[in-house]
Amino acid sequence: MIQPAKPDLVTVNIDGKEIAVPKGTNVIDAARQVGVDVPHYCYHPKLSVVGNCRMCLVELGMPAVDPVSKAPIMDPATGRQKVNWIPRPQIGCATYASQGLHIRTQTAQIKDCREGVTEFLLINHPLDCPICDKAGECMLQEQSTGYGRGYSRFIENKNVKPKRTLLGPRVVLDDERCILCSRCIRFCKEVAKDDVLGFIDRGSYSTLTCYPGKALENNYSLNTVDICPVGALTSTDFRFKMRVWFLKQTNSIDTESSVGANTVVWSREGVIHRITPRRNDEVNDTWMADSGRLLYKAVGAENRLASKETLDALIASAADVLTDAEGAIAVVGSGRSSVEEQFLTRKLADAVKARVFLVARSGAGDGILISSDRNPNVRGALITGLIDKLPSERLDTLAGGIDSGEIKAVISVGEDLTSAGITPEQLGKISIVHFGTHANSTSDAAKVVVPTLTVFEKAGTFVNQQFRLQKFAKAVPAKPGMHDDLDALSRLTAAMGGASLPSDLHELWEVLTKELPALATTTYRTLPETGLLLDATPWSGLRFPEGETLHFKPAASEEGVKA
Amino acid sequence: MNLKPETLARIDEVIPHYASKRSATLPLLHLIQEDVGWISKEAIEWVAAKLELQPINVYEVVTFYPMFRQKPIGRRHIKVCRTLSCALMGGYKTCETFEKEFDTKMGEVSPDGEVTVEFVECLASCGTAPVVMIDDELHENVDSAKAKHLCGQIKAEASQRKT
Ligand code: SF4
Ligand code: FES
Ligand code: FES
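Each protein sequence line maps, in turn, to chains A and B.
Everything in the first sequence is counted per this note's numbering, starting at 1 for the first residue and increasing by one.
Everything in the second sequence is counted per this note's numbering, starting at 1 for the first residue and increasing by one.
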């Protein structure tokens with residue numbers, strides 16, 4: 001791995017504590033590193049700095065030196081170098097660390113500033129927290145409590161502004177709550193590249209608006225809801241449904257594409273209420289696509305498969321079907337399965353001496369957080385040895401095998417064979433053992449169906465387009481009649497005379513570490529929440545389909561040209 | 001956009017005066033308002049395309065400055081001062097006279113399309129209050145009688161133009 005160049009470090013002094021930070025770090029971020037909170041609204045680490053809320057005011061000073069000799073001027077009282085303080089407060093978000101910078105955040109002046117700014121922000125704020133979706137995760141609520149005066153002196157009438165403007169299909173705006181920080185505007189312009197939001201009119205009449213005739217409808221619109229420091233922007237899907245403090249947060253991974261955006265799944269009593277992005281500076285920053293936020297709806301979908309039989313009974317009938325077709329079995333694995341499932345699928349294929357196919361899924365990449373490879377884990381299939389070359393979208397070889405009578409049974413792990421080009425007639429010619437979550441024509445045609453779990457009901461890992469191994473955790477328990485993929489796969493492998501493998505994730509990982517060279521130094525337990533980059537060199541000869549996205553540049557293409 | 005050739009020429013002339021095209025937003029809006037009298041949605045989009053901006057960027061500017069008009073205006077713009085001196089000297093009466101003469105209301109285009117009457121703040125001629133500006137021309141000591149006279153002039157010009 002190439003080490004990033006060592007950034008220039010500079011030492012700054014924050015409330016008396018010294019810390020070395022990379023040059024260019026702003027005061028808010030530097031202060032955070034020594035545990036000092038500089039309240040702020042408009043500053044967002046992943047957006048440009050505009051400095052318009054004024055909440056982040058701090059006092060700044062530089063060590064005093066003699067103007068001529070440049071010799072430090074000492075303070076006889078303390079015996080240390082004197083600090084020249086700038087008499088007026090400065091904004092921390094637009095002040096960057098430089099050698100010797102002194103910062104004070106706890107003085108009477110700063111306390112006064114924060115109270116003043118808060119008072120102005122609250123003048124026209126409706127204070128409707130009891131009916132506001134943002135309550136509990138609102139920066140205005142938190143910082144008004146922490147840094148505000150605590151009582152109101154405002155007796156005039158408040159401004160009245162539109163309460164429910166539909167900015168787009170997924171975002172509603174309450175203009176009264178907006179504190180005009182412009183985060184949403186900058187997000188649309190800088191990240192989503194869809195510059196449609198802006199402030200019109202001025203002063204206390206300033207109103208956030210979408211350009212007339214346009215809508216905030218890009219596939220990243222819901223990120224504006226996440227970064228809105230107040231409840232001005234809310235999600236139509238989540239609006240008025242649930243109090244955030246009741247929700248349990250589980251770290252997960254977006255399965256839409258091989259980008260593998262890091263997410264948090266918010267659930268209560270086994271029901272998922274929303275999905276939001278989780279910061280990972282190497283993958284998705286603090287963003288995710290709108291489309292990925294709705295994937296949880298699959299959990300409770302009507303066509304969800306469930307079985308009346310026990311898993312043992314299902315495995316027994318599957319084993320019967322497969323034994324009948326011995327020597328003529330194919331396995332269709334999935335780029336949507338986790339690394340662990342793919343490993344077990346490989347073992348199962350070995351046990352029944354089957355050839356393995358995988359189905360590629362592609363779509364247009366958006367250059368941001370959706371890549372053209374719509375499988376989250378094709379690289380996992382390479383690492384686990386499930387496949388050794390890149391899959392194609394159609395199972396033509398398998399179709400040929402079925403027609404020639406070479407293949408009599410197919411184990412499909414989560415894939416719909418018809419959408420991969422197998423005709424209904426061909427389906428009729430074979431016996432199918434299907435592992436899957438939702439009903440489709442393959443499950444309809446299958447002899448045995450083992451209902452399995454969605455990504456939200458199990459734990460595991462995926463390998464994204466950067467060859468970054470990332471883990472996801474179980475957010476909600478499975479419903480009765482649905483079976484853990486690992487359990488089902490390991491039992492069927494054993495039933496077919498293959499190795500007996502643990503179905504417990506942690507135990508299975510011990511086997512993975514031992515058997516897979518790519519994971520030799522990794523354990524599930526120690527895998528960081530932000531993932532781990534694996535060595536991709538064994539696969540550098542492959543031509544992966546992805547184009548450029550937020551933190552990904554296709555490297556293989558150049559090498560492919562050279563080769 | 002239906003702009004006069006002169007306006008177009010001035011627009012093309014003014015853009016390269018600025019280091020970034022974006023900075024030409026205000027001058028362009030002024031030129032268009034001078035030509036057409038107001039800034040339409042079409043004009044906003046035209047300026048945006050001309051300066052390689054998004055329409056929302058121009059819309060923000062147009063709404064920020066109250067003197068950019070977002071509605072059509074009559075052929076003549078009658079600006080009646082309502083600040084202290086003029087108000088004391090009968091500016092409101094003057095305004096009413098204009099409204100009555102052209103059968104119109106503040107800020108609207110009169111039915112004959114000739115004028116739009118509006119209040120403005122101090123025109124810096126407090127000594128000769130009440131004062132009125134018609135387009136770029138200042139009229140002093142405009143009491144009701146003088147207002148009627150001015151209206152007569154405008155109407156005469158209008159009928160002359162029609163014949
Ligand atoms: S809607 Fe929210 S994010 Fe957008 S400007 Fe207002 S407060 Fe800021
Ligand atoms: S965070 Fe610094 S001005 Fe808003
Ligand atoms: S008050 Fe009317 S010109 Fe000054």
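The set of hints was computed from the structure by calculation and includes no laboratory data.
Careful: at least some of the hints might be erroneous.
[Said to hold, decoys possible] Simulated pairs of lysine-lysine, PhoX-like, Cα-Cα distance not exceeding 25 Å:
no. : chain 1 : residue 1 : chain 2 : residue 2
1   : A       : 161       : B       : 71
2   : A       : 214       : B       : 146
3   : A       : 193       : B       : 50
4   : B       : 21        : A       : 189
5   : B       : 41        : A       : 214
[What the hints assert, rightly or not] Below, a sample of chain B positions facing chain A; criterion: calculated Cβ distance under 7 Å:
no. : residue
6   : 18
7   : 54
8   : 56
9   : 60
10  : 63
11  : 68
12  : 74
We put the beta carbon where it would ideally sit given N, CA and C, even for glycine.
Do the hints match the structure? See the list:
no.: 1; hint: A:161 with B:71; verdict: 22 Å, holds
no.: 2; hint: A:214 with B:146; verdict: 49 Å, violated
no.: 3; hint: A:193 with B:50; verdict: 19 Å, holds
no.: 4; hint: B:21 with A:189; verdict: 18 Å, holds
no.: 5; hint: B:41 with A:214; verdict: 13 Å, holds
no.: 6; hint: 18; verdict: 20 Å, violated
no.: 7; hint: 54; verdict: 4 Å, holds
no.: 8; hint: 56; verdict: 4 Å, holds
no.: 9; hint: 60; verdict: 4 Å, holds
no.: 10; hint: 63; verdict: 4 Å, holds
no.: 11; hint: 68; verdict: 12 Å, violated
no.: 12; hint: 74; verdict: 24 Å, violated
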